[in-house]
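Undergrad: Protein chains in written order, with my numbering: chain P, 75 to 347; chain V, 107 to 463.
Keep in mind that the hints were calculated from the coordinates and are not lab data.
Think of the CB as a built atom: it goes at the ideal place given N, C-alpha and C, for glycine as much as any other residue.
Careful: at least some of the hints might be erroneous.
[As the list claims (entries may be wrong)] Straight-line distance between alpha carbons at most 30 Å, and here's what the computed DSS-like set of lysine-lysine pairs gives:
1) P:Lys174 x V:Lys179
2) V:Lys179 x V:Lys390
3) V:Lys213 x V:Lys179
4) P:Lys174 x V:Lys118
5) V:Lys439 x V:Lys390
6) V:Lys118 x V:Lys309
[Stated by the list, open to error] Reference excerpt, derived from the structure (chain P facing chain V, CB under 7 Å, subset only):
7) Ala90
8) Ala240
9) Leu241
10) Ala246
11) Pro266
Each chain is listed here by its residues.
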Amino acid sequence: MTRNLRQNILVYALLAVVLIVFMTPIYLIVSSSVKPSPIMFQKPPAFLFTPTFEHYHDLFAMRPFTKFIWNSLIVALGSTAFSLTIGSLAAYAISRIRHKRMNDVAFWILSMRMFPPIAVVVPYYIIFKSAGLLDTPLALIIVYSTANIPLTVWLMKGFFDEVPLALEEAAAVDGYGLLATFWYVTLPLAAPGLAVSAVFCFIFSWNEFLFALMLTGSEAQTATVAVMSFWSSDAVQWGRIMAGSFIILIPGVIFVLTCQRWLVRGLTMGSVK
Amino acid sequence: MSAITLKNVIKKYGAVQVVHGVDLDIDEGEFVVLLGPSGCGKTTTLRMVAGLEDVSGGELSIGGQVVNNVAPKDRGVAMVFQNYALYPHMTVKKNMEFALRPLKLDKAEVDKRINDTAAILGLGELLERRPVQLSGGQRQRVAMGRAMVRTPDVFLFDEPLSNLDAKLRTQVRWEIGKLHQRLGTTVLYVTHDQVEAMTLADKVVIMRDGYVEQVGTPEEVYTAPQSTFVATFIGSPSMNMIEAKVVAERLEANGFSMPLPDRFQGKVTEGQAVTIGVRPIEIKRVAASSTGAMQANVEVTEYLGNEALLDLRVGPHELVAEVPADQRVEPGKVIHIALNEGAIHLFDTVSGRTLSE
Ligand SMILES: Nc1ncnc2c1ncn2[C@@H]1O[C@H](COP(=O)(O)OP(=O)(O)O)[C@@H](O)[C@H]1O
Ligand SMILES: [Mg+2]
Numbered sequence: 075m076t077r078n079l080r081q082n083i084l085v086y087a088l089l090a091v092v093l094i095v096f097m098t099p100i101y102l103i104v105s106s107s108v109k110p111s112p113i114m115f116q117k118p119p120a121f122l123f124t125p126t127f128e129h130y131h132d133l134f135a136m137r138p139f140t141k142f143i144w145n146s147l148i149v150a151l152g153s154t155a156f157s158l159t160i161g162s163l164a165a166y167a168i169s170r171i172r173h174k175r176m177n178d179v180a181f182w183i184l185s186m187r188m189f190p191p192i193a194v195v196v197p198y199y200i201i202f203k204s205a206g207l208l209d210t211p212l213a214l215i216i217v218y219s220t221a222n223i224p225l226t227v228w229l230m231k232g233f234f235d236e237v238p239l240a241l242e243e244a245a246a247v248d249g250y251g252l253l254a255t256f257w258y259v260t261l262p263l264a265a266p267g268l269a270v271s272a273v274f275c276f277i278f279s280w281n282e283f284l285f286a287l288m289l290t291g292s293e294a295q296t297a298t299v300a301v302m303s304f305w306s307s308d309a310v311q312w313g314r315i316m317a318g319s320f321i322i323l324i325p326g327v328i329f330v331l332t333c334q335r336w337l338v339r340g341l342t343m344g345s346v347k
Numbered sequence: 107m108s109a110i111t112l113k114n115v116i117k118k119y120g121a122v123q124v125v126h127g128v129d130l131d132i133d134e135g136e137f138v139v140l141l142g143p144s145g146c147g148k149t150t151t152l153r154m155v156a157g158l159e160d161v162s163g164g165e166l167s168i169g170g171q172v173v174n175n176v177a178p179k180d181r182g183v184a185m186v187f188q189n190y191a192l193y194p195h196m197t198v199k200k201n202m203e204f205a206l207r208p209l210k211l212d213k214a215e216v217d218k219r220i221n222d223t224a225a226i227l228g229l230g231e232l233l234e235r236r237p238v239q240l241s242g243g244q245r246q247r248v249a250m251g252r253a254m255v256r257t258p259d260v261f262l263f264d265e266p267l268s269n270l271d272a273k274l275r276t277q278v279r280w281e282i283g284k285l286h287q288r289l290g291t292t293v294l295y296v297t298h299d300q301v302e303a304m305t306l307a308d309k310v311v312i313m314r315d316g317y318v319e320q321v322g323t324p325e326e327v328y329t330a331p332q333s334t335f336v337a338t339f340i341g342s343p344s345m346n347m348i349e350a351k352v353v354a355e356r357l358e359a360n361g362f363s364m365p366l367p368d369r370f371q372g373k374v375t376e377g378q379a380v381t382i383g384v385r386p387i388e389i390k391r392v393a394a395s396s397t398g399a400m401q402a403n404v405e406v407t408e409y410l411g412n413e414a415l416l417d418l419r420v421g422p423h424e425l426v427a428e429v430p431a432d433q434r435v436e437p438g439k440v441i442h443i444a445l446n447e448g449a450i451h452l453f454d455t456v457s458g459r460t461l462s463e
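The shape of chain P in the complex, shown without the other chains (with noise of 0.2 Å):
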């Protein structure tokens, strides 16, 4: 055997292996979500069965599950599009602007995701419940917003580090003003990060549970907080919960998938020299 081919196998090995941790809740979420009750929890597992969909079928009919799924869109997409027009912004600021005291305030933004949600759940009930937005996806959506700007910040001010000032400077010079030249230039060379933090954003609000838990009843109940509601003291409705996750997984999927041909390196090569 080759050096080479030995190589191939043992990575190949490993890869198999970080495949098996990961998939293998995946799997059993899929299963699950198919499987007849009855045999839900026969040991050894059945992985031979007819499928069924009823898990599905009561997940719809028990709650109105298609508008949670729209309550986590909005909150997810909302919170993702408003923490990236504050938070490119906020770090286009703090890569251009040249003060003694610009990485404290970088730090100072950092520092917003440093406290631990449990503990700002009460307050923020309160402030919501006095301003009328308990229940409502915009009360989520600030919340979110203030643990995905900090990262977007962060992110986007390595990004906008990397534009060289020349560029910015040539649209200057050829007729277009602060916003412009951000807009067309500077904006588009800093795409992947985008692309990332809108994953990061994204992905941190669809899966949130305890802001969701706490501040939405009926009405902007999000999709995970949904299925949770499956798992009562009685009873725990596993067909139902595995068929909402398995749902709930879909959407991440496909915007992670989206962004990723935005995530392209190398952008800005051969623009300065």
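Given chain P, put chain V with the ligands in place with the hints provided.
TA: For chain V with the ligands alone, kept in the frame of chain P given last:
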């Protein structure tokens, strides 16, 4: 009306002043070159004209309008950057379109200008390429094209040839000169290369440490340098400089003596410390017996084909002479030389200023 006027223009970075009161008048259609060694403030001056740097003091006008506080986009200038600064996410065509968009022209005019410019610069084949797919020379041309399509009042160039190899540099230099003749646009051009300055400029502005040393035509700065700095900076090989004293109507230096040429009579005083400047080509080989002949040791000989450079030692002085190649001699030999008195320059050693006027 002059295209660009600088009146006592100053640039400070914090407490450090890097451009000290520059005065300059650039006429409509003139090709003006800012020339000087690295770090002398050429780029800073150019960037102030472009509006990329604030003016710390003085007055800067373009087309008769004071523009100290006018944004770059409203100055009607186009700039070719040292490293081209092409927009990497746009094709060559898009780069030019982008520069035209603020002018709000109609589509037909935009296409016409892009096609005309592409034809002049030979960019036709490259229009759909991205900057990353271009060679250095092609990028340089695109950068010029992007500036040209806008038909600006003023072109600004910052060392546009410095990233090209020697052969391409000569070619593009020639093209820039031709382009200026054709378009007649006012040009302000920064370089540290005297050949570029001498070949392209209508007017050369020689800068040193943030000061303007001399402004003049290429011929003026070569034949009538106002200071020892200009004298040694312009011309290759450099002008020889010999420190001397005026003693009894003669210029006396250690191991070296010559009569004070008539034209300097009354311009120097007895005992004044002066610097004699003489270009290598104005040092001739002469017979040992001729008047004013000085003995010189040949230390190094550089053969250049048509001519040869002789590194000479005359007493404590090191001089370079440029002689016809057939007059060259082996290192180690002793020859006799004389300076062409009609062509020597005289400077006050203390101030470094010329005594020729
Ligand atoms: N942003 C800046 N901050 C401080 N000093 C600067 C800055 N830009 C240039 N300088 C200084 O100003 C002087 C002139 O620089 P520059 O105009 O770039 O010179 P040149 O183009 O003639 O080589 C240099 O000494 C340089 O160090
Ligand atoms: Mg420079």
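Undergrad: Has the given pair, Lys174 of chain P with Lys118 of chain V, been kept, meaning a C-alpha gap of at most 30 Å?
TA: Answer holds: Lys174 of chain P to Lys118 of chain V is near 19 Å, not above 30 Å.
Undergrad: Have a go at the Ala240 of chain P hint: is there a Cβ in chain V nearer than 7 Å to its own Cβ?
TA: holds, 4 Å
Undergrad: Has the given pair, Lys174 of chain P with Lys179 of chain V, been kept, meaning a C-alpha gap of at most 30 Å?
TA: Roughly 29 Å separates the two Cα atoms, so the pair holds.
Undergrad: Sort out whether Lys179 of chain V lies within 30 Å of Lys213 of chain V, counting only the CA atoms.
TA: holds, 21 Å
Undergrad: Would you check whether Ala246 of chain P satisfies its interface hint, that is, whether its CB is within less than 7 Å of any CB in chain V?
TA: holds, 4 Å
Undergrad: Once the shortest beta carbon distance from Ala90 of chain P to chain V is found, is it less than 7 Å?
TA: violated, 38 Å
Undergrad: Does Pro266 of chain P hold up as a contact with chain V if the rule is Cβ-Cβ below 7 Å?
TA: violated, 11 Å
Undergrad: Mind checking the alpha carbons of Lys179 of chain V and Lys390 of chain V for me, to see if they're no more than 30 Å apart?
TA: violated, 56 Å
Undergrad: Given a cut of 7 Å on the nearest C-beta pair, is the interface hint for Leu241 of chain P held or broken against chain V?
TA: It holds, given that the least Cβ distance between Leu241 of chain P and chain V is near 5 Å, below 7 Å.
Undergrad: Holds or violated: Lys118 of chain V with Lys309 of chain V, Cα cutoff 30 Å?
TA: holds, 26 Å
Undergrad: Given the hinted pair Lys439 of chain V and Lys390 of chain V, is their alpha-carbon gap at most 30 Å?
TA: Given that 30 Å is the threshold and the Cα spacing comes to 16 Å, the pair holds.
The structure fails hints 2, 7, 11 (numbered hints given earlier, in ascending order).
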